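Peer 1: Chain residues, written in single-letter form:
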Amino acid sequence: MEAIQFTLNGKSVQYDGSAADRLLDVLRDAYRCTSVKCGCKEGECGACSVLLDGKLINSCCVAMGAVQGSEIVTLEGYRETARFAVLDKAFAEISAVQCGFCIPGMVLASEAILAANPHPTEAEVRVGISGNLCRCTGYNAIVTAIMNASKEGNGLW
Amino acid sequence: MEKISQSVVKKDHAPKMSGRSMYVCDIDRHGILCGKMLRSKYAKAKLLAVHLPELPDGYYYVDRNDVPGDNNVNIVMDDTPVYARETVEYIGEPIGMVCGPEESVCEEILSKIQVDYEELEPVLDLRRADEAFFNYEYGKGDPDRAFAEADKVYEEEFETGYQDQTYLETQGMMAEPEEGGRMFVHGSMQCAYYVHGAVMRALGCGPADVHVHQDVTGGGFGGKEAFPSILGCQVAVAAKKAGRPVRCVFGRREDLEFTSKRHPSLCTYKAAVKDGKVTAMDIDVKFNAGAYTTLSAVVLQRGIICADGVYNIENLHVHGRALKTNTTPSGAYRGFGAPQTFFAVEMMMDHIAKDLGQDTLEFKERHLVRQGDRTSTSGVYHFPVPIPAMIDEVDRACNFRVKHREYAKPQSGRYRRGIGMSMHFHGAGFTGSGERDFIKAVVRLRKYKDGSVEILAANGEIGQGLRTTFPKIVAHELNLPLEKVFFDHPDTSRVPDSGPTVASRSLMTVGELLRRAAIKLRTEWEDGKDQIVEERYTEPDFMIPFYLDKFQGDAYPTYAWGVQAIEVEADTYTGISKILGAYASFDVGTPMDYNIVMGQMEGGFLQGIGYSSIEYMDYDAKGRIRNNSFSDYLIPTSMDVPKLNCQLHVEKYPFGPYGAKGAGELPLVGAPGAYVEAVEQALGGGIRLNHAPFTAEDTIKALMKEEA
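In order, the protein sequence lines correspond to chains A and B.
Quick note: the first sequence, position 15, residue 15 per the working numbering, numbers continuous.
Quick note: the second sequence, position 646, residue 646 per the working numbering, numbers continuous.
Looking at chain A on its own, in the form it has when it is part of the complex:
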């Protein structure tokens, strides 16, 4: 079998392992993208969310074969962007980060929401992060942070 080629955080990479390997495991083990967390390994919690061609997906439910030719963004790449800086400030100002384990997934979910709709309503934000479980915050602060980022980042999305 030929190596699987894809783009990871802007860099072209080749994966030599099995096409049946789990994207989550490959990102963590082979590429050491440890921001991608494992919370359940069955697509329920969103801790392993990454962007695949701009779409938010649970990397635990994607086999490497499906990644061929696509573009994957994890927080390791996204944190270098101006959009991240806006989210970072918004999350910081309201202390929306508690234990931190859901946060990498939440940040990428925020990006997916705002990329599709730069000025979402609160209800739309709640739908957008509904695949990402957070046990600490009760979601208030996270929702507020995303709404604030949408205002502050006017023009970026």
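Hints are computed from structural coordinates only; laboratory data are not their basis.
Being a predicted model, the structure only gives us computed values, none of them experimental.
Be aware that a few hints might be false.
Example chain A residues on the side facing chain B (calculated, C-beta under 7 Å, incomplete) [to be verified]: (1) 7; (2) 19; (3) 22; (4) 35; (5) 81; (6) 97.
Using N, Cα and C, we set each Cβ at its ideal position, and we do this for glycine too.
For this one, chain A is given, so just place chain B on it according to the hints.
Peer 2: The following block gives chain B in isolation, referenced to the frame of chain A:
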């Protein structure tokens, strides 16, 4: 707002937000052995033999025969084994561990191990359980006389189910042998010194031969209070045998099934009513402790002390038992026994009021305790009880009284509304004389030559903000910029034992010690010098000594207070109760950081809503927990609730730092009472609800029963 309450950017914000924080699962796996548990298939059985396949090079099997010290985990008692003894006592009990470089190979080995069991009859039904691990009884006044003189006597049974902490990061611990024979144990935990004491005992070594470090921890909520002591011993024994680092990180299903969770409860309340007032209660509390005692003694103590709620019941008899069943041992979860009894007493008061034809809120208000009243254990509420003002605050936020009267009228049609309110407290800090007699907290401040100050304390940041609030206190007292004061995750080789990260005690108790230490450092401060100051716990002298044998005295120095209201719309076709609003006022004293405290209040409130409504977990006829994944153990998502409306009511505690009281647990405690009362009102008629969680299925069942 006071200066100390003004929010700052949390010290752990940047590494967590950017995904740079390293949790124990994130450490590169190369050079580390992966540990996988061999677990019991039966709820009770004699272990006859374990047949191992031939192990490849570099792979190990570890069990009780490998424990160099004592095969008992040091918790409150020591009946929990490191690895199973001659019998297994619940499904999933660890018999041994396979460890080696590749996870898949470990799993293959596990699948080939054969265990011979002799099955024994397990005890699974709490109602039939007869082995009481703990059995407490106390009272006050003359309940016999009050019952004899009553106009009417009420009796009702209340049940609550399991609740799993469901921290997003599952349990994970790692042990690394160091040069000179020392063992380094680290991972996801709340209480580094608990793990230290337990590992020392399992390895049969001295305090200097083990050190324990808390890694970045992805949530605890009580679930990482005692459990990491067990897992810490298991990996330490494995690392000792293999002479290599061993890490064991649980999968979600493994974590949901086999780690400790909130005690299911069965409470029977009997109340005497005379001239429209409750004059006595006789309360029987049963907690399902599971197979080993872990923290059940202290969970039960807190639960029964709260059994009469925020009400002044002058004649009281309380009997509480933590009963053994052959199930996963129950343990600590935010609220620690109190959510169960507060639910029961709130529903009991609600039902009595309804029977008497009175407004439930007004009935409860007539029974509220006040400053100076005696507590259930004949201590005193030394400080003001702000519940009446807090009821008004919540009423203003949601128009409670008007809605409550409106929804009480008969409703028809598919959608019906209800609103419920509950009141509660959380006794701040350890129960009884725990701080004075057992914990004896010590903290230190280390000042470096450059004028920066390090906090040396054993409490762990688990998301609640300690890495920020502890430094805020010290920086405030020393008049330093916050950047100059830092607090890292504790390592027992560097920090004194300031006690565990539990019981909403860290800020109130340890924070106050840090404040006093900072004052000491301020007076001794010399520029350009390394300096260390130390501070030790002393009990406030206003307290009435608590005697555990009699359950008499001040069980807590002070109380945090909560009033919560939940409004629902029940769909009588689907049974789903949509939450229209969730409102609360919480008094945790002075907030040490407004955003951080609000984050605790909102997060805790939502966990309480989950506990009340959708978080259903139970075991089957063989004793196996059925709800072991996120598809059948449901925790709230962002779409299950609207924005939670929480406000802070500040009643300062003079012995906490700047007036702070315990905070973390409080907001969970009252939610079940408020939610189930709301659903009960929506369903209307003569329906009386008496268990939590109250799920959509339960609503349909209640409606069908009503129609029949």
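Peer 1: Identify every previously stated hint that the structure contradicts and give their numbers, smallest first.
Peer 2: 1, 2, 3 and 5
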